[in-house]
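From just these sequences and the hints, can you work out the full model?
2 protein chains.
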Amino acid sequence: MEGMGIQIFTIISALFAIIFTVFLAKNIMKKKEGTPEMIEIAQAVKIGAKAYLARQYKGVGVFFAIVFVLLLILAKFNYMSMFVPFAFIVGGFFSALSGYIGMTIATNSSARTTSAAKNSLNEALKVAFSSGLVMGLIVVGLALLFIGIGYTAVRWIGAMRGFDISYVASTMVCFGMGASAQALFARVGGGIFTKGADVGADLVGKVESNIPEDDPRNPAVIADNVGDNVGDIAGMGADLYESYIGSILATMALAVAAGLGWKGISLPLAISALGIFASILGSFLVRVKEDATQSNLLKALRKGLYGASIIVIIASYFAIVAILGPEHKRLFGSLICGVLAGLLIGFFTEYFTSDSYQPTKNVAKASLTGHATVIIEGLATGMASTAVPVMVIVMATIGAYMFAGGYSNPSIGLYGIGLAGVGLLSTLGISLATDSYGPVADNAGGNAEMSHQPPFVRQRTDALDSLGNTTAATGKGFAIGSAALTTLALIAAFREQVILLGGKMDLSVMNVRLLAGIFIGAMYPMFFSSMAMRAVGRTAQSIVEEVRKQFREIKGLMEGKAKPDYARAVDICAKSAQQEILLPSAITIILPIAVGIFLGIEALLGLLIGALTSGFVLAIMMANAGASWDNAKKYIEAGNFGGKGTDAHKAAVTGDTVGDPFKDTAGPSLNILIKLMSVVAIVFASFIINNTLFK
Amino acid sequence: MEGMGIQIFTIISALFAIIFTVFLAKNIMKKKEGTPEMIEIAQAVKIGAKAYLARQYKGVGVFFAIVFVLLLILAKFNYMSMFVPFAFIVGGFFSALSGYIGMTIATNSSARTTSAAKNSLNEALKVAFSSGLVMGLIVVGLALLFIGIGYTAVRWIGAMRGFDISYVASTMVCFGMGASAQALFARVGGGIFTKGADVGADLVGKVESNIPEDDPRNPAVIADNVGDNVGDIAGMGADLYESYIGSILATMALAVAAGLGWKGISLPLAISALGIFASILGSFLVRVKEDATQSNLLKALRKGLYGASIIVIIASYFAIVAILGPEHKRLFGSLICGVLAGLLIGFFTEYFTSDSYQPTKNVAKASLTGHATVIIEGLATGMASTAVPVMVIVMATIGAYMFAGGYSNPSIGLYGIGLAGVGLLSTLGISLATDSYGPVADNAGGNAEMSHQPPFVRQRTDALDSLGNTTAATGKGFAIGSAALTTLALIAAFREQVILLGGKMDLSVMNVRLLAGIFIGAMYPMFFSSMAMRAVGRTAQSIVEEVRKQFREIKGLMEGKAKPDYARAVDICAKSAQQEILLPSAITIILPIAVGIFLGIEALLGLLIGALTSGFVLAIMMANAGASWDNAKKYIEAGNFGGKGTDAHKAAVTGDTVGDPFKDTAGPSLNILIKLMSVVAIVFASFIINNTLFK
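As you go down the protein sequences, you meet chains A and B in turn.
Okay, so the first sequence: first residue is 97 according to our numbering, each after it adds one.
Okay, so the second sequence: first residue is 97 according to our numbering, each after it adds one.
If you're looking for bench data, these hints aren't it; they were derived computationally from the structure.
Please note that the accuracy of each hint is not assured.
A pair counts as met if it fits within one copy or between any two copies, since identical chains are not told apart.
[Said to hold, decoys possible] As a list, the in silico DSS-like pairs of lysine-lysine whose alpha-carbon atoms are at most 27 Å apart:
#1 K746 - K302
#2 K730 - K746
#3 K359 - K127
#4 K659 - K740
#5 K657 - K730
#6 K302 - K461
#7 K671 - K461
#8 K461 - K645
#9 K457 - K746
#10 K172 - K645
#11 K659 - K671
#12 K222 - K302
#13 K146 - K222
#14 K457 - K651
#15 K746 - K461
#16 K740 - K302
#17 K302 - K399
#18 K127 - K671
#19 K395 - K730
#20 K657 - K302
This is the structure in structure tokens:
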């Protein structure tokens with residue numbers, strides 16, 4: 097079979113990544129977790145995280161069961177391949193599994209990081225970063241294993257039944273649905289959970305009961321800590337797992353349309369497999385000397401990421417030439433466009449959100465004139481920050497298209513765009529590691545504070561934590577950038593799917609129904625954000641009620657004699673989050689189908705494009721405004737513009753609170769929204785084409 | 097000449113509207129202006145308004161001179177007809193003239209309204225509404241006169257030189273540029289002025305010097321009052337003048353592509369002319385009994401608007417049948433779609449922003465938990481409120497297209513969309529009247545308060561003012577709805593223009609450059625809003641400095657012995673506003689040209705579509721969030737949730753302050769942005785096609 101070698105190489109690389117994480121995890125677990133006090137604190141977070149995951153997977157399970165049956169029925173009526181329902185289950189399961197493993201390791205690493213910080217900064221960095229690397233590599237390992245095995249199975253069975261390459265590609269591109277559905281729960285539900293817990297804990301603790309932040313008597317405090325892991329580890333991981341799978345599958349589908357055959361299908365697999373090795377090699381570059389400053393720490397992480405990028409770029413060149421032949425080496429340019437786009441968006445995200453630069457300093461300064469001005473300046477900063485990422489994505493897209501030779505052959509141009517996304521995500525193993533490292537460092541700092549470590553330990557964990565904020569910002573930029581390129585590729589793949597299914601499309605942008613679709617698509621991200629922000633408010637309310645109840649019913653709690661029921665607070669919050677995502681999820685899945693049925697397949701394409709463009713812009717606005725408010729508050733707390741306790745600080749806190757649902761709930765949820773709608777369109781394409789009112 | 101009768105009818109109707117305003121104005125001026133105190137207060141606002149207009153027209157003059165020369169040069173090189181530069185000047189001049197007349201009458205009517213309120217509520221309503229009607233009718237009168245005479249001139253000279261119908265239509269469609277440029281200054285500059293003055297006056301008066309709001313010792317207080325007229329009369333008028341002209345001209349251009357000939361060109365003129373008479377007839381329905389409640393007042397205004405709508409609908413049916421023949425009576429359906437869309441968007445705007453309904457009550461309730469929650473709830477309300485207007489515009493567009501028979505002949509479908517816009521705007525005379533009535537009533541209330549009128553007078557002016565808030569909200573919905581339909585028609589006309597000029601376009605939405613254009617277009621409204629909001633902040637700062645200077649330098653001012661220099665504060669603020677719009681204006685005009693040159697004409701089309709869809713959504717979000725915060729504050733001030741002076745009230749004030757630049761600066765500016773970019777694309781089409789890097 098053509099390209100068999102690459103298939104095997106892909107599966108082996110994926111297994112290698114998984115085995116490597118076992119080695120990493122064992123190494124982490126060998127470290128000491130510290131004093132009994134430190135272990136106890138870490139233990140509470142572990143229990144909370146388990147409680148959260150148990151609740152989430154229950155909800156996901158029901159949802160998956162329902163959709164699985166639905167897909168089975170549709171497959172039975174020949175609206176899709178019988179493979180799709182099963183791929184849906186397996187893809188979702190692997191995503192959930194990687195989230196579970198990542199969270200388990202992260203919650204086991206925080207106290208160990210604190211403990212290691214007693215010895216040296218480098219050792220602490222190693223522990224926290226290793227934990228992040230477990231998450232990064234397990235995500236890419238399981239994702240690539242899923243695709244590798246799935247592809248082998250579809251090809252093999254397809255060959256036996258005499259199905260051609262188009263059948264294989266159009267079946268494979270439906271395989272992303274499981275990842276998307278699980279991402280919805282992890283990212284949107286997680287986002288609602290984390291900010292609901294945060295706001296609820298603050299409201300009832302600081303405001304009502306007058307106990308300090310992070311006080312162990314507050315039953316919601318562990319939910320708040322769990323939330324950090326949930327959002328930035330499980331949520332971010334599921335988001336990028338979806339992008340990773342989506343971009344590879346879309347590019348595979350586009351290979352067929354571009355006439356590149358089995359070899360073209362193999363290329364994204366090969367590049368992703370090479371990316372695993374590049375990530376692992378890059379990870380060895382992450383180390384610092386003992387007298388390291390914060391900028392040394394940042395440089396160490398950057399060295400790892402840039403190193404991996406350079407390795408994958410060089411290796412990809414040879415892969416392209418070896419697999420497709422020298423006549424296609426222009427595709428190398430497309431790939432570079434993607435890799436550069438990811439790095440550039442990350443960099444500019446940092447510029448707009450870090451308090452080292454002017455924009456966030458201006459937001460902090462606006463606190464001096466009150467609550468309203470800090471809100472206006474933060475919104476203005478978020479809005480202004482959308483220009484550069486949009487221009488980067490535009491240039492990367494046009495660049496990837498042109499390098500691939502899109503002007504003589506549009507189909508190969510679209511394949512080039514897909515490849516740019518694959519290139520951007522190829523180093524996901526290490527870029528996700530720098531991202532997942534943040535919450536571990538954050539929790540390590542919390543652990544150091546709650547267990548009363550000596551000042552030098554806290555100085556070290558603070559240095560690690562502060563770095564985590566920077567990597568979180570760039571990580572978010574990377575996530576939304578990759579979501580945009582992935583969605584572009586998915587939309588192109590959707591068009592191919594429709595053509596393959598014999599659907600007729602008038603793709604002219606002056607087609608009124610297509611225009612109507614763009615209009616609805618431009619509106620929906622705003623409407624969705626509104627639902628997400630309100631869900632946070634209601635979840636916070638449910639936490640407030642639970643905490644009040646525990647204060648009332650558990651005797652000796654306020655005196656510190658009895659322990660609160662942390663797990664129950666986590667469970668209540670998780671339950672509320674699960675309920676809250678039902679409506680937004682249902683609308684997001686039904687909307688593309690409804691638009692396709694009632695306004696036609698072109699309107700559906702317009703919907704996807706409108707949602708992609710507006711959703712991308714809104715997601716960046718919300719993420720950057722939120723991060724900027726957050727850092728402006730920290731900047732003031734560091735003693736600028738009067739410092740803590742002043743009116744300026746109060747105004748900055750208002751900004752931070754508004755920013756919370758922006759940056760951790762609504763903003764990142766839009767990454768999922770744009771991808772999920774495209775995947776739904778692909779999977780239900782046949783059903784829509786055959787049942788639309790506008791044929 | 098074919099359709100000559102309609103041409104003459106159009107010009108006569110326009111003249112009739114203008115003559116009718118003279119009669120109305122004389123009637124208003126005959127009324128007594130009241131006590132010397134009342135006259136003095138009104139006089140200060142008059143002087144301020146004149147100072148503002150003088151400054152604005154100076155800025156506009158320079159801008160027009162520069163663009164005129166530029167257009168002349170382009171016309172010299174045959175990139176456009178020689179008519180265009182001159183039409184640019186005349187169209188802009190008429191817009192400025194109507195703004196000048198409207199503002200003069202409005203500032204002369206406020207004290208007269210207060211004075212009339214001493215006699216009866218009905219009399220006060222009559223004065224305020226008559227003043228609004230002057231604005232409404234002068235706008236439609238001058239606009240239609242401009243088009244009527246311009247059309248006659250182009251046709252006549254065109255006939256002599258042997259140019260065909262396409263030449264006439266493609267020249268005429270460029271005639272909207274003057275209205276757009278003047279709208280930019282009036283709406284965007286006016287928006288910056290009004291909120292800069294408002295925020296500046298509050299900062300320096302209430303916060304620094306501890307004198308109450310609207311205190312005559314504050315030199316900025318008149319600037320604040322002037323601002324109300326500037327935004328809601330001159331700004332709104334120029335905005336709708338642009339929409340009115342744009343929708344008629346675009347529909348005329350689309351008539352040629354639809355093969356409807358001179359008759360098709362005449363139809364929008366005939367409908368607009370009929371709309372003038374319908375508006376005047378409707379205005380006679382606006383009257384109340386003396387014991388009228390607020391809901392009676394609203395019903396009176398609604399009766400006028402609905403009455404005019406019904407008249408124009410019936411008259412249009414006969415116009416369509418008489419002009420185009422019974423075989424085109426389906427176009428009547430398109431027209432109705434437009435009229436209904438305007439009314440529906442207005443209605444739902446009221447639902448989301450009035451404190452009689454749940455959404456704004458929820459915003460007020462969120463004030464109880466602090467500044468952050470009121471901001472989040474307001475934003476969520478604004479975001480949620482985008483869904484209905486988008487669905488209304490989508491249905492109106494598809495409806496207008498289908499009724500016109502777009503599925504068998506797409507060109508006539510687009511003509512139907514244009515006609516929907518013309519229908520929506522046909523009753524502009526009276527709908528703008530209900531809108532411009534607001535600031536007059538508002539100033540009348542201020543006058544009554546400052547001149548210490550007996551309670552029953554203030555009760556009456558309060559009733560009028562409160563109604564003004566409702567009409568302002570629906571008016572804003574109407575303005576953005578009409579901007580969307582106008583822009584749609586303009587974009588369609590742009591496409592025709594490009595085809596006529598021989599430009600080649602791959603309009604497929606999967607064309608990467610077109611997609612890139614949509615991306616940039618989706619981003620630009622956010623970027624523009626960021627600039628507009630920051631401009632408000634800087635203008636407020638300039639006012640603060642001027643007021644401080646006057647407090648320092650004018651002796652006896654604080655003791656009430658000397659008068660502040662109101663005109664200077666107005667001038668400083670106007671100057672700052674004029675400077676602040678330079679950069680956003682320049683970018684808005686250059687961006688379409690730059691995108692066309694560097695990314696091709698298809699990218700330009702994408703840009704327009706992206707900006708239209710995203711800008712429409714963002715404009716609604718900002719306008720409704722702002723109005724909702726405003727009314728939530730008023731709801732609390734009326735005694736709910738604790739009333740004035742409580743923490744909840746402070747939080748609500750924060751929401752209101754954030755909402756100010758949202759609803760009065762950035763939001764309405766986006767109406768101009770989407771239309772102006774389309775007009776620029778049309779006027780520069782030939783230049784772009786001949787100089788683009790992507791042919």
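Checked hints:
1. K746 - K302: both (14 Å within a copy, 20 Å between copies)
2. K730 - K746: The answer is both: 12 Å in one copy and 24 Å across copies each meet 27 Å.
3. K359 - K127: neither (45 Å within a copy, 87 Å between copies)
4. K659 - K740: For K659 and K740, neither the intra-copy (31 Å) nor the inter-copy (43 Å) Cα distance is at most 27 Å.
5. K657 - K730: Result: close neither inside a copy nor across copies, 34 Å intra and 48 Å inter.
6. K302 - K461: both (25 Å within a copy, 21 Å between copies)
7. K671 - K461: between (39 Å within a copy, 25 Å between copies)
8. K461 - K645: between (40 Å within a copy, 24 Å between copies)
9. K457 - K746: The answer is both: 16 Å in one copy and 26 Å across copies each meet 27 Å.
10. K172 - K645: Neither: 50 Å inside a copy, 81 Å across copies.
11. K659 - K671: Classified as within: same-chain Cα gap 22 Å, cross-chain 65 Å, threshold 27 Å.
12. K222 - K302: neither (35 Å within a copy, 56 Å between copies)
13. K146 - K222: Answer is within; shortest intra-copy Cα gap is 25 Å, inter-copy 70 Å.
14. K457 - K651: neither (46 Å within a copy, 39 Å between copies)
15. K746 - K461: both (13 Å within a copy, 21 Å between copies)
16. K740 - K302: Both. Shortest intra-copy (15 Å) and inter-copy (26 Å) distances satisfy the 27 Å Cα cut-off.
17. K302 - K399: Neither: 41 Å inside a copy, 54 Å across copies.
18. K127 - K671: neither (34 Å within a copy, 67 Å between copies)
19. K395 - K730: For K395 and K730, the Cα distance is within 27 Å only inside one copy (22 Å; across copies 53 Å).
20. K657 - K302: within (20 Å within a copy, 51 Å between copies)
In this structure, the earlier hints numbered 3, 4, 5, 10, 12, 14, 17 and 18 are contradicted, and the remaining ones agree with it.
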